[in-house]
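Between the sequences and the hints, there should be enough to build the whole structure, so can you do that?
If you read the sequences in order, they're chains A and B. Note that my numbering has the first sequence beginning at -18, numbered continuously upward. Note that my numbering has the second sequence beginning at -18, numbered continuously upward.
Simulated from the structure, these hints should not be mistaken for laboratory data. Treat the hints with care, as some may be off.
Sample of chain B residues at the chain A side, in silico, Cβ under 7 Å [claimed, not checked]:
hint: 1; residue: E162
hint: 2; residue: Q165
hint: 3; residue: N166
hint: 4; residue: F172
hint: 5; residue: I176
hint: 6; residue: C342
hint: 7; residue: V373
Not close to chain B: a few residues of chain A, all C-beta gaps over 12 Å, as computed [stated by the list, open to error]:
hint: 8; residue: F53
hint: 9; residue: K63
hint: 10; residue: R66
hint: 11; residue: G130
hint: 12; residue: R144
hint: 13; residue: F147
hint: 14; residue: G198
hint: 15; residue: S250
hint: 16; residue: D261
hint: 17; residue: S270
hint: 18; residue: G319
hint: 19; residue: G430
hint: 20; residue: D447
hint: 21; residue: N454
hint: 22; residue: G455
hint: 23; residue: K460
Derived pair list, reagent style DSS-like, types lysine-lysine, alpha-carbon separation capped at 30 Å [to be verified]:
hint: 24; chain 1: A; residue 1: K246; chain 2: B; residue 2: K336
hint: 25; chain 1: B; residue 1: K246; chain 2: A; residue 2: K328
hint: 26; chain 1: B; residue 1: K383; chain 2: B; residue 2: K3
Built from N, CA and C at the ideal position, the CB exists for glycine as well.
Here is what each chain is made of, one letter per residue.
There are 2 protein chains.
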Amino acid sequence: MTNSDVVAFVLFGGSGDLAKRKLYPSLYLNFIKGLLPGDCKIFSVSRLSEEVQAFQAEIFLQLERYVSPSQFSDEKAKAFVKCIRHIQLDVTRDDAWETLETHLERFRHAPIVYYLSVAPRFFGDIAKGIASVSLNQNGARLVVEKPFGHDFESARALNKELRLFFDEHQIFRIDHYLGKESIQNILALRFSNNIFESQWHAGAIESVQITVAEKLGVGDRGDYYDNNGASKDMLQNHMMQLLSIVAMEPPFAFSPDAIRDEKVKLLRSLRPIDADSYSDSCVRGQYVSGQGEASYLEDVDKESSDCETYIAIKGYIDNRRWAGTPFYLRTGKRLAGGVGEIVINFKPSNPELIKSKDGLCSNNKLVINFQPDQDIFLFINKKDNQSESFSVDTARLQLSTKSGDLKQPYERLLGHVLAGDQTLFVRDDEIEVAWKWLDQLAASWEQGGSSPYPYKGFSQGPIEADKLFVESNGWEPIK
Amino acid sequence: MTNSDVVAFVLFGGSGDLAKRKLYPSLYLNFIKGLLPGDCKIFSVSRLSEEVQAFQAEIFLQLERYVSPSQFSDEKAKAFVKCIRHIQLDVTRDDAWETLETHLERFRHAPIVYYLSVAPRFFGDIAKGIASVSLNQNGARLVVEKPFGHDFESARALNKELRLFFDEHQIFRIDHYLGKESIQNILALRFSNNIFESQWHAGAIESVQITVAEKLGVGDRGDYYDNNGASKDMLQNHMMQLLSIVAMEPPFAFSPDAIRDEKVKLLRSLRPIDADSYSDSCVRGQYVSGQGEASYLEDVDKESSDCETYIAIKGYIDNRRWAGTPFYLRTGKRLAGGVGEIVINFKPSNPELIKSKDGLCSNNKLVINFQPDQDIFLFINKKDNQSESFSVDTARLQLSTKSGDLKQPYERLLGHVLAGDQTLFVRDDEIEVAWKWLDQLAASWEQGGSSPYPYKGFSQGPIEADKLFVESNGWEPIK
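And the structure:
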């Protein structure tokens, strides 16, 4: 599609919050870098009536607010918003699609990108409507946001429904974590450094920790959240995507399906947590008040709830590469810090041979931060050059560079949609296998009738999660 | 000996250049750090007559000159030089030893360190003389400087002679390279980092390069040099010591003999270069004039000479760990730069999977600089975050820290002598096996009758040395 000199970008939910904060700014960034064709129109679709010039002016203000100052320019933003049109449409009405057809007639032979920034219950109808006027052809692409289903069955049904109208190669399921610079860098680090690649296995890696911690509570998403919890909100999608990128086998090529094939294989190898192993493998928690902030129950205004706002997993991957290496995953709200990080703990050296001044010698660690910052650190021991005795201390080496503006996740992902590259998008079978694993986990805790453990707001999470560690070091502190 | 509150340090050659530039400053640094006992006397021994206060004043000036400003203090230097005495002594005269005895009588029951900063032909007589008045007992130590022999037979004879009067555990053969911070750090890096230790073998390391390059010519050492050449001046001692530390098996403990046992084993595994393999394995060179500076022949004022001022080796270590990994060693004078470095080239990653913008993907490298600076760098590939395509670039990570003054080699080594720790000193069998290997090499080039190749002053050395590389990258440039 990058070769096409015409493109239409059709944004369902174009007046919504995600559109304003992320999508228009990301399209703008692609625009200023010359990655949009000269003849590009962006259609904002919503039920609201919008006067086009007022709408363009509003988007201009949003760009000013959400684009970094070094990348914002009055002139370019003005040129960009001139590409924006508005279509008033109620997607539940049958006459909607003729209206759409009228607007898109000129692009019938060009690639059209449909971005569904709307509630998932509309996905099927929109896909069907687009197809009803044959606007699903000629390289058309359908981009959908999470949540994608709420369990295996619903996800499979949704996949089937969408595939009635779009082929899998036209469907781009967004997980914006995959667009983060650090997460991209995992692939670069793993596969362009022999010192990492040759040690990326259970023989050399003691454990892996993946953490997504938020300080925020559920905020105004209480209704949605209480039906889903941390497991469906974060674990099934973002966390399992991170896990699959960290742990997958090397793809035979850097092509979308070669990589996604390996991710699916990895997720299929993730050992199910059944009712027997549940208590040793999973801890759920729910925040109570802390530092003067309300408890979860107060936030969702309920007497009681079994919804977890924290979940921690000790997972094992049943393949040859990872036999015996525990993967510790945890995510939660109202924790002590807002941080996303992956920690690769390499095995310790002979602890009797060389020690640090305090008698310990740290193991090598590779730490990949993906929020709020995109930093990568390697921890190496070296001679302590200020000590009289022969001892070591630890150096923290920064791999990531800070030069210039990094690509924002949505900027990168929209660029890939425009280029027709599905590498960073989640394939149907990935979604389904992740749900299958989570369904089994949820069945295990329901079978045991266990409620989430309470944990204090802004703490490290429930103390019970420490018990997932039998011998090794324990959780990295959340700061 | 650190527990002793009395010590005598007896410096033969105490008016010499090495003493003034290195030994007094190094003793001073140990002094200010409290590593010398309260009752410590330093006896400068020479044939010259010196008035003690004038001599102390001269050493004071030398300290001011050679100690770093941050470590020099008037007050401490004054206190230090008060410990210095002078003994006028001709070691070739039989009555010398009674004179020595008179001065050292008070230290007969304390440890005495004898430092022989004199021509090697005096080593035997001095050791014998000391023993003749029974001052070789009670923890006495004998420190000797290179050259230690000029071939296997002479080294073995010297070892035998010294051991008539001192036990091996009393003999400290100095190789000041072993006192360098970076060289010490090799042990720390190798044995406290699993990511290095588990890859320290032929399966993961493609090649190793060790370079000691000097810009200087032979200067006023022409007579000595022309009888020895780069092979005896640098290769047999410093370079082979570096090689053994880089490549030895892990010692079972960080004890002097556990480490030196492994170094000897390594040197014994170094494949001999015989007449057949010589031309593929060794290149000798001799500098001709360059940048207006004289040629070697002009420097030594000779019509012709077969002395090499440059030598390069492609060596193999015949053990399981290093089967097939070439070790490239080179040293020379009048080269393009003054640099000492060890480069560990790890194997490349799959070159087809990820590339840099220019289509290549560098292999991981660990670079240990030991002169002029003590820097250690690790080269790692990471995602190029400014490129539109998925490509990598290389980050140079600095492992070494620059905080404070590093210990100087002689400072460290004298501290170890005082502490009675032989770890950083060369054992008799190490010296002998290194000479044996070099004798074989020299026999091979003599058998072939090959003269050194000429190379231009301040160049990379003889072009012929490039031919030692068949497939791999070639020499690191000397800068």
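Return the numbers of the hints above that this structure violates; sort them in rising order.
-> none
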